[in-house]
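Participant: So the protein lines, in turn, are chains G and C.
Quick note: the first sequence uses my numbering, first residue 206, plus one each step.
Quick note: the second sequence uses my numbering, first residue 65, plus one each step.
Simulated from the structure, these hints should not be mistaken for lab results.
For clarity, every value in this text was computed on a predicted model and none was experimentally measured.
Honestly, I wouldn't trust all of these hints.
When the alpha-carbon atoms are kept at most 25 Å apart in a straight line, the in silico DSS-like pairs for lysine-lysine are as follows [to be verified]:
no. : chain 1 : residue 1 : chain 2 : residue 2
1   : G       : Lys207    : G       : Lys250
2   : G       : Lys284    : G       : Lys247
3   : C       : Lys75     : C       : Lys121
4   : G       : Lys284    : G       : Lys250
5   : C       : Lys75     : G       : Lys247
6   : C       : Lys121    : G       : Lys250
7   : G       : Lys250    : C       : Lys75
8   : G       : Lys207    : C       : Lys121
9   : C       : Lys121    : C       : Lys81
Looking from chain G toward chain C, a few residues come up when the C-beta cut is under 8 Å (computed) [stated by the list, open to error]:
no. : residue
10  : Glu248
11  : Pro249
12  : Leu251
13  : Gly259
14  : Gly263
15  : Gln300
16  : Phe303
Cβ coordinates follow ideal geometry from the N, Cα and C atoms, glycine included.
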Amino acid sequence: RKEVEQDPGPFNVPEGATVAFNCTYSNSASQSFFWYRQDCRKEPKLLMSVYSSGNEDGRFTAQLNRASQYISLLIRDSKLSDSATYLCVVNSLKQLTFGSGTQLTVLP
Amino acid sequence: GAGVSQSPSNKVTEKGKDVELRCDPISGHTALYWYRQRLGQGLEFLIYFQGNSAPDKSGLPSDRFSAERTGESVSTLTIQRTQQEDSAVYLCASSPVSGQGYEQYFGPGTRLTVT
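Take these sequences, add in the hints, and give me the full structure.
Facilitator: Structure, rendered in structure tokens:
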């Protein structure tokens with residue numbers, strides 16, 4: 206079983222739609238969780254950290270369910286510029302473990 | 065301020081040649097990470113440095129791969145006797161410290177093509 210698993214997609218949604226991604230992780234001792242965004246042929250960039258209480262940043266909401274060991278990312282009112290690959294990232298000892306990513310395309 | 069830089073941005077080499085990839089982390093960042101990303105794939109952890117030491121080399125795919133870091137700054141990733149399967153983007157990231165909860169800042173990567 207992979208340490209971090211994501212649905213690879215692709216998710217094709219119309220502009221303005223709400224879309225949700227889930228990610229599961231295997232190491233119950235993991236303490237830190239993140240969502241990164243990677244544009245085509247670019248490096249990953251941090252989108253947001255994920256806190257136990259859940260957190261929101263504008264149109265983006267991240268949630269953590271420790272009991273079920275999954276993390277979610279919700280994007281509301283999606284924009285064309287949201288098209289990218291979204292990487293679920295979990296700390297593993299002193300390194301981060303990246304999921305393979307979920308590809309999102311927002312269509313006009 | 066200046067971000068993580070990597071050089072070269074692109075490298076085409078013949079099978080069997082050695083290549084050296086360079087990473088300049090953000091100034092003051094003590095932790096440095098190397099990843100590999102094959103086309104259409106996720107990030108594959110290779111090695112990380114805390115200061116100049118490499119506590120975790122578990123991700124290096126073979127003994128053809130080595131890395132070093134000097135002066136808690138620049139790091140080089142060396143691939144000897146390159147093979148076609150080494151073709152990928154090699155990403156470097158740095159972080160203020162290693163450990164839980166710290167964001168990693170990525171460089172633009174070096175795109176390696178082995179012909």
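Participant: Hint by hint, note whether the structure agrees.
Facilitator: Evaluation of the provided hints:
1. Our distance criterion of 25 Å between C-alpha atoms is met by Lys207/G and Lys250/G, whose separation comes to about 22 Å.
2. For the suggested pair Lys284/G and Lys247/G, the alpha carbons sit about 19 Å apart, so the restraint of at most 25 Å is met.
3. Our distance criterion of 25 Å between C-alpha atoms is met by Lys75/C and Lys121/C, whose separation comes to about 24 Å.
4. Restraint check for Lys284/G and Lys250/G: satisfied, since their Cα atoms lie roughly 18 Å apart, inside the 25 Å limit.
5. Using a Cα cut-off of 25 Å, the hinted pair Lys75/C and Lys247/G holds, with the two alpha carbons roughly 16 Å apart.
6. With a CA separation close to 24 Å, the supplied pair Lys121/C and Lys250/G stays within the 25 Å bound.
7. For the suggested pair Lys250/G and Lys75/C, the alpha carbons sit about 23 Å apart, so the restraint of at most 25 Å is met.
8. Restraint check: the Cα-Cα separation between Lys207/G and Lys121/C comes to about 19 Å, which is no more than 25 Å; the hinted pair holds.
9. As the CA atoms of Lys121/C and Lys81/C are separated by approximately 23 Å, the hinted pair is consistent with the 25 Å bound.
10. Satisfaction of the interface hint for Glu248/G is found here, the shortest Cβ-Cβ separation to chain C being roughly 4 Å, below the 8 Å cut-off.
11. Using the Cβ-Cβ criterion of 8 Å, the hint placing Pro249/G at the interface with chain C is satisfied: the shortest such distance is roughly 5 Å.
12. With its C-beta approaching chain C no nearer than about 5 Å, Leu251/G sits inside the 8 Å limit, and its interface hint holds.
13. A cut of 8 Å between beta carbons decides the hint on Gly259/G: the least distance to chain C is about 17 Å, and the hint is violated.
14. The interface hint given for Gly263/G is violated, since its Cβ lies 18 Å from the closest Cβ of chain C, which is over the 8 Å cut-off.
15. Hint status for Gln300/G relative to chain C: holds, with the closest Cβ pair at about 6 Å, below 8 Å.
16. A least Cβ separation of about 4 Å between Phe303/G and chain C falls short of the 8 Å threshold, and the interface hint therefore holds.
The structure fails to meet hints 13, 14 from the earlier list, while all remaining hints are met.
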